[in-house]
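S.K.: This is what each chain is made of:
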Amino acid sequence: MTDGGDHLIELVDLHKHYRVGTEIVRALRGVSLAIDVNEYVAIMGQSGSGKSTMMNILGCLDIPTKGNYLLRNQDVARLSQSKLARIRGRQIGFVFQSFELLSRTTALKNVQLPMLYAQMSNKKRRAVAALEKVGLMDRAHHRPNQLSGGQKQRVAIARALAQEPDIILADEPTGNLDSQTGDDIMRIFDSLHAEGQTIIVVTHEEHIAEHCHRVIRLRDGLVMSDERRGRRIPIAPLPGRAAIAEAVAPPMQNAIAV
Amino acid sequence: MRFHPINIVRRPFRWAVSAASRNAQNVATAAVQIWANKGRSVLTTLGIVIAVTSIITVISVVQGFGNYMTNMVRGYGTSFIVVHPWYEGERHGHGMREPTLDIHDITAVRGECPDVRRITPFVFTHNAVVSYGREKAEEIPIRGVAEEYQLIRNFPADAGRFFGPVDVDNAEPVAVLGRTLLTLLECDESIIGDYIYIDDTRFLVVGLLAEKGSFGDGDQDKTIMIPYTRSIRMYPDRTRSMSFLAEATDEDHIDAAYAQIQRTLRQRHGLTVEQPDDFYIERQDQSLQSFEEIRNISSGILGGIVSISLLVGGIGIMNMMLVSVTERTAEIGLRKSIGARRRDILLQFLTEAVVLCTFGGLIGVALGYGLSKLASMHPSMVPAEVPWWAVAAALGCSAGTGIVFGVIPAFKAAILNPIDALRHE
Chain H
1 MTDGGDHLIE
11 LVDLHKHYRV
21 GTEIVRALRG
31 VSLAIDVNEY
41 VAIMGQSGSG
51 KSTMMNILGC
61 LDIPTKGNYL
71 LRNQDVARLS
81 QSKLARIRGR
91 QIGFVFQSFE
101 LLSRTTALKN
111 VQLPMLYAQM
121 SNKKRRAVAA
131 LEKVGLMDRA
141 HHRPNQLSGG
151 QKQRVAIARA
161 LAQEPDIILA
171 DEPTGNLDSQ
181 TGDDIMRIFD
191 SLHAEGQTII
201 VVTHEEHIAE
211 HCHRVIRLRD
221 GLVMSDERRG
231 RRIPIAPLPG
241 RAAIAEAVAP
251 PMQNAIAV
Chain L
259 MRFHPINIVR
269 RPFRWAVSAA
279 SRNAQNVATA
289 AVQIWANKGR
299 SVLTTLGIVI
309 AVTSIITVIS
319 VVQGFGNYMT
329 NMVRGYGTSF
339 IVVHPWYEGE
349 RHGHGMREPT
359 LDIHDITAVR
369 GECPDVRRIT
379 PFVFTHNAVV
389 SYGREKAEEI
399 PIRGVAEEYQ
409 LIRNFPADAG
419 RFFGPVDVDN
429 AEPVAVLGRT
439 LLTLLECDES
449 IIGDYIYIDD
459 TRFLVVGLLA
469 EKGSFGDGDQ
479 DKTIMIPYTR
489 SIRMYPDRTR
499 SMSFLAEATD
509 EDHIDAAYAQ
519 IQRTLRQRHG
529 LTVEQPDDFY
539 IERQDQSLQS
549 FEEIRNISSG
559 ILGGIVSISL
569 LVGGIGIMNM
579 MLVSVTERTA
589 EIGLRKSIGA
599 RRRDILLQFL
609 TEAVVLCTFG
619 GLIGVALGYG
629 LSKLASMHPS
639 MVPAEVPWWA
649 VAAALGCSAG
659 TGIVFGVIPA
669 FKAAILNPID
679 ALRHE
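Which chain is which? The protein sequence lines are H and L, in order. Note that my numbering gives residue 198 to position 198 of the first sequence, counting from 1, and the numbers run on in steps of one. Note that my numbering gives residue 597 to position 339 of the second sequence, counting from 1, and the numbers run on in steps of one.
By construction, these hints were calculated from the structure, which means they are not laboratory data. Glycine included, every Cβ here is placed at the ideal spot set by N, Cα and C. Careful: at least some of the hints might be erroneous.
[As the list claims (entries may be wrong)] With beta-carbon atoms standing in for the labels, derived distance ranges:
1) L:Leu301 x H:Asp13: 39 to 45 Å
2) L:Val300 x H:Asp13: 55 to 61 Å
3) H:His207 x L:Ile673: 38 to 44 Å
4) L:Ala289 x H:Asp178: 34 to 40 Å
5) H:Gly30 x L:Val300: 54 to 60 Å
6) L:Leu301 x H:Arg29: 50 to 56 Å
7) L:Val290 x H:Gln180: 54 to 60 Å
8) L:Ala289 x H:Glu164: 45 to 51 Å
9) H:Glu164 x L:Gly628: 53 to 59 Å
10) H:Gln180 x L:Ile661: 48 to 54 Å
11) H:Asn68 x L:Ile673: 48 to 54 Å
12) H:Asp178 x L:Gly628: 54 to 60 Å
13) L:Ala278 x H:His207: 45 to 51 Å
14) H:Tyr18 x L:Ile673: 35 to 41 Å
Go ahead and model the full structure; you've got the sequences and the hints to work with.
M.R.: Laid out in structure tokens, this is it:
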């Protein structure tokens, strides 16, 4: 996969080590993969698999200890804090599990916030367009406490969309929602993908991953599997089922351990 | 990247607009945050409020007192010079002749100094005994002057009349009394036209001086004015030792008048270049200047002492901001993850501290203003005045306090790791 071609994202032998007390935790131990424009990728793995670390590095919130992360052929690991902030503001749109909206600010102002830091023009027009895309224009002047969970997440998606980022990075976007609302949110991602948006979803839920066309599974800081699926096939054939079994098993072990 | 001339023009403009909009956004965010924690914000800023209130009150009272004093000195007259027949300071050495100053010197000054508008001899006696009927007053200062004295010193008669040039030329025994004398002699304005005795000489009272009030511990109304010609007759030894007052054409020509008087007198006294003046010239405007200096220094010192309370207020602000940063860690993480740079976060929290402090400062200015107005209402209090520079300084200092004490919390917020901040619940 790491053929040196023009990919949107290219990870080359990526390592990330943390120091926790006196112990060194090796969260990523040599990950190499590439993601192209308009891919719809799920990153899966149980807790401790390194998927959060991977998500932080992909989102330029963190830099790798070793290896390269090329975003549009630019090595992110060599960039200054303020350049990283600029990339986060312009090239990446975050969607978080707990929405992370500013509580005292209207939906519209929340959507405008990244553009304020990115010093973009036409903030209002873009914000309105983004809210229309997620079907929430009628709630533009509501505050987060006047919105339901699903509506909040749609505002968050609009916020991620507004500055037209290269990648939307969603971290457990349905984790705080009931399954019906979660499906609604995933359908928004589906349609954004259909319009050409590159989307990366970090999740541990199999039915969320089913929306994606590519599923990357991590385990112990390494890529365990990287499979592509056909378009809009709800359940993948056999290899996918095997994956489900594997994905389901570890939490049960955890349950016993706890 | 291609060269676009239009972009070069537009980019700085756009940058300015976006910087302005971000600053406005910061102020708006700060206002929302402060409003959301109304109670806490008010309590936190109380230190600043009290500090600014006391600064404004203290400075206004000191200034008001200063204005009162200045006006009093002004009422004394500031464009005149007093010349005394003695050596300045310690210069009176052995072998020097006794200094003299007589009417001929004064006439010469009057004739030869173009910048001297008015001049009057001044024969001062400290402690005369004055009696009126059975009443007796002791230690009364007697001023032997010419009629121009009342103009130079702004000392008119408001009942009866001042004596005129004819009275002076004829050395008439006429007197104009200060108002305090009425009390001392236990009489009223009907004394005009009556006779009093000053050191056993009989004088006709022709007028009463307008009230001037006290300056320092000297009662300016406890005096009697008589023609200097009569003074010399009563105290002949003063003939060759009289002082005089000379008024310059205006305040700007005091220096010129000073130089002219000095030259004229030195010439008349035949002094060589090495010899010091055998007279002493006293300038009223200098005492006014040094007085203003003292006033400004004392309000500076008092203001400075009170400013220490700003320090205490600032620590309160810092404490609140530190709590705020901790509480809003998740928000900071979010802002960073959507593109806020360290300096954006720094500026946001700094703005918040400055807005909070300036808000406290504004309340303080209003309270201080009210307090000084209230103080002015007390009958024995001089009218306090809030000078504009005190308001500017107080607001500037409170904003400065915001910056100084907001920097640490803001910096703490700015360097937060976005990952840790986002995970913080």
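S.K.: Run every hint past the structure and note whether it holds.
M.R.: So, going through the hints one by one against the coordinates:
| no. | hint | verdict |
| --- | --- | --- |
| 1 | L:Leu301 x H:Asp13: 39 to 45 Å | violated (55 Å) |
| 2 | L:Val300 x H:Asp13: 55 to 61 Å | holds (57 Å) |
| 3 | H:His207 x L:Ile673: 38 to 44 Å | holds (40 Å) |
| 4 | L:Ala289 x H:Asp178: 34 to 40 Å | holds (37 Å) |
| 5 | H:Gly30 x L:Val300: 54 to 60 Å | holds (56 Å) |
| 6 | L:Leu301 x H:Arg29: 50 to 56 Å | holds (52 Å) |
| 7 | L:Val290 x H:Gln180: 54 to 60 Å | violated (34 Å) |
| 8 | L:Ala289 x H:Glu164: 45 to 51 Å | violated (31 Å) |
| 9 | H:Glu164 x L:Gly628: 53 to 59 Å | holds (55 Å) |
| 10 | H:Gln180 x L:Ile661: 48 to 54 Å | holds (51 Å) |
| 11 | H:Asn68 x L:Ile673: 48 to 54 Å | violated (26 Å) |
| 12 | H:Asp178 x L:Gly628: 54 to 60 Å | holds (58 Å) |
| 13 | L:Ala278 x H:His207: 45 to 51 Å | holds (48 Å) |
| 14 | H:Tyr18 x L:Ile673: 35 to 41 Å | violated (18 Å) |
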